[in-house]
Amino acid sequence: MKTKEDKKELTLMFIPGADKRVVRFRIPRISLYAVPSAAALVILGFSLTIYVQNTSHRSTTEQLTETFTGQEKQLTEQLMLKDTELEKLQIELIDLSKQAEQFKSKLEEIRKLENKISPGTAASSGKGTAPPPSLAPDVGGTEAPAGTREMNELAAQTRSSLSGMIGDIDGLLVQLTESERKLQEARRLKRITPTIWPSDSRTVTSAFGVRQDPFTGKPNVHTGLDIDGELNDPVYAAADGTVTAAGYDSQHGNHIRIDHTRGIETEYLHLNKMEVQAGSTVRKGQIIGRVGTTGRSTGTHLHYEVHKNGTKINPSPYLISDRKDDN
Numbered sequence: 156m157k158t159k160e161d162k163k164e165l166t167l168m169f170i171p172g173a174d175k176r177v178v179r180f181r182i183p184r185i186s187l188y189a190v191p192s193a194a195a196l197v198i199l200g201f202s203l204t205i206y207v208q209n210t211s212h213r214s215t216t217e218q219l220t221e222t223f224t225g226q227e228k229q230l231t232e233q234l235m236l237k238d239t240e241l242e243k244l245q246i247e248l249i250d251l252s253k254q255a256e257q258f259k260s261k262l263e264e265i266r267k268l269e270n271k272i273s274p275g276t277a278a279s280s281g282k283g284t285a286p287p288p289s290l291a292p293d294v295g296g297t298e299a300p301a302g303t304r305e306m307n308e309l310a311a312q313t314r315s316s317l318s319g320m321i322g323d324i325d326g327l328l329v330q331l332t333e334s335e336r337k338l339q340e341a342r343r344l345k346r347i348t349p350t351i352w353p354s355d356s357r358t359v360t361s362a363f364g365v366r367q368d369p370f371t372g373k374p375n376v377h378t379g380l381d382i383d384g385e386l387n388d389p390v391y392a393a394a395d396g397t398v399t400a401a402g403y404d405s406q407h408g409n410h411i412r413i414d415h416t417r418g419i420e421t422e423y424l425h426l427n428k429m430e431v432q433a434g435s436t437v438r439k440g441q442i443i444g445r446v447g448t449t450g451r452s453t454g455t456h457l458h459y460e461v462h463k464n465g466t467k468i469n470p471s472p473y474l475i476s477d478r479k480d481d482n
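Residue 156 is where the sequence shown starts when you use this note's numbering, and the numbers rise one by one after that.
Read the hints as simulated data drawn from the structure, not as lab findings. Be a bit skeptical, because a hint or two may be false.
Using C-beta positions, here's what the derived DEER-type ranges look like [to be verified]: (1) E263 with S318: 17 to 23 Å; (2) D414 with Q257: 44 to 50 Å; (3) A433 with N464: 18 to 24 Å; (4) T399 with S318: 54 to 60 Å; (5) R266 with A433: 40 to 46 Å; (6) Q226 with L262: 48 to 54 Å; (7) K253 with Q441: 48 to 54 Å; (8) M320 with E227: 45 to 51 Å; (9) S361 with S260: 58 to 64 Å; (10) D477 with K253: 51 to 57 Å; (11) Q226 with M320: 44 to 50 Å; (12) E264 with N469: 40 to 46 Å; (13) L234 with Q257: 31 to 37 Å.
Within a straight-line C-alpha distance of at most 27 Å, the following computed DSS-like cross-link-like pairs (lysine-lysine) qualify [unchecked claim]: (14) K228 with K243; (15) K267 with K243; (16) K253 with K237; (17) K261 with K271; (18) K337 with K271; (19) K271 with K259; (20) K267 with K345; (21) K373 with K259; (22) K463 with K345; (23) K428 with K467; (24) K463 with K428; (25) K267 with K337; (26) K337 with K261; (27) K345 with K271; (28) K373 with K467; (29) K243 with K253; (30) K267 with K253; (31) K467 with K345; (32) K337 with K463.
Virtual Cβ for every residue (Gly too), placed ideally from N, Cα, C.
Could you put together the complete structure from these sequences and hints?
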């Protein structure tokens, strides 16, 4: 009969052979349960250790990933900011280039106007226009690296300076344009005003006004100037104009009348030859005929008249220049 003690133990018997002694091992039954439990506990402990280590590693990895992500985001933002600043600087430089071209164009306009107003002045001065200080060529001195901020500030300052100069030039251009317009108008008026002598001679043999008629001996009004001259001496148009009459009659002989606009006309009498015809456009100083003695004349001379609004006036105040090219 098995006892209680037998139930608590497990006997293992090893029989090596028929003539050998049997070996018995008594193992408590509780050991059969304790060993798997211990093994399970060991495995559980090992698993927990691995889990804790993995959790710690994962937490560290997440922290590192978060740190790296933040740094990457910060670097990306910095790079985007730099790209924006560089793009802004490029735009500034493009604007500066355009303004520099405008500046150059404005200066060229000024030079042209200077030449129109006073030919040769700008070209003979021997002076060029220096570029703005910030755009001048390098000539030496100490140097320091320029950052994007400094370059942006320099570009903005230079653009502001160029804008101011362009504004000043625009104002100057307006003034010069107005001066050029007034000068052109003055030149035009001078060209259509009979200011030159109509012949090479400066000898007046009979002045404007009352005189004794050379044919009748009676007083009469002499309506022009008689200017001495040799046969076929050139006769010049006293101003720009249009020939309104070129013909012959017994009183005036061969004669030419020129309309200079603004109510001013000139007339040339007793010509030996006429070299223009009615409708011709003539320039100041152009030869229009030759001195003669045709018509009612006692000798070779040029009878010269100035008419203003249809009235014959004294030509003498108009004869202020000896030059045939007085423009």
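Evaluated hints:
no. : hint                       : result
1   : E263 with S318: 17 to 23 Å : holds (19 Å)
2   : D414 with Q257: 44 to 50 Å : holds (46 Å)
3   : A433 with N464: 18 to 24 Å : holds (21 Å)
4   : T399 with S318: 54 to 60 Å : holds (56 Å)
5   : R266 with A433: 40 to 46 Å : holds (44 Å)
6   : Q226 with L262: 48 to 54 Å : holds (53 Å)
7   : K253 with Q441: 48 to 54 Å : holds (49 Å)
8   : M320 with E227: 45 to 51 Å : holds (47 Å)
9   : S361 with S260: 58 to 64 Å : holds (60 Å)
10  : D477 with K253: 51 to 57 Å : holds (53 Å)
11  : Q226 with M320: 44 to 50 Å : holds (47 Å)
12  : E264 with N469: 40 to 46 Å : holds (45 Å)
13  : L234 with Q257: 31 to 37 Å : holds (34 Å)
14  : K228 with K243             : holds (22 Å)
15  : K267 with K243             : violated (36 Å)
16  : K253 with K237             : holds (24 Å)
17  : K261 with K271             : holds (15 Å)
18  : K337 with K271             : holds (12 Å)
19  : K271 with K259             : holds (18 Å)
20  : K267 with K345             : holds (22 Å)
21  : K373 with K259             : violated (73 Å)
22  : K463 with K345             : holds (16 Å)
23  : K428 with K467             : holds (24 Å)
24  : K463 with K428             : holds (26 Å)
25  : K267 with K337             : holds (16 Å)
26  : K337 with K261             : holds (20 Å)
27  : K345 with K271             : holds (16 Å)
28  : K373 with K467             : holds (21 Å)
29  : K243 with K253             : holds (15 Å)
30  : K267 with K253             : holds (21 Å)
31  : K467 with K345             : holds (20 Å)
32  : K337 with K463             : holds (24 Å)
Hints 15, 21 from the list above are not met by this structure, while the remaining hints are.
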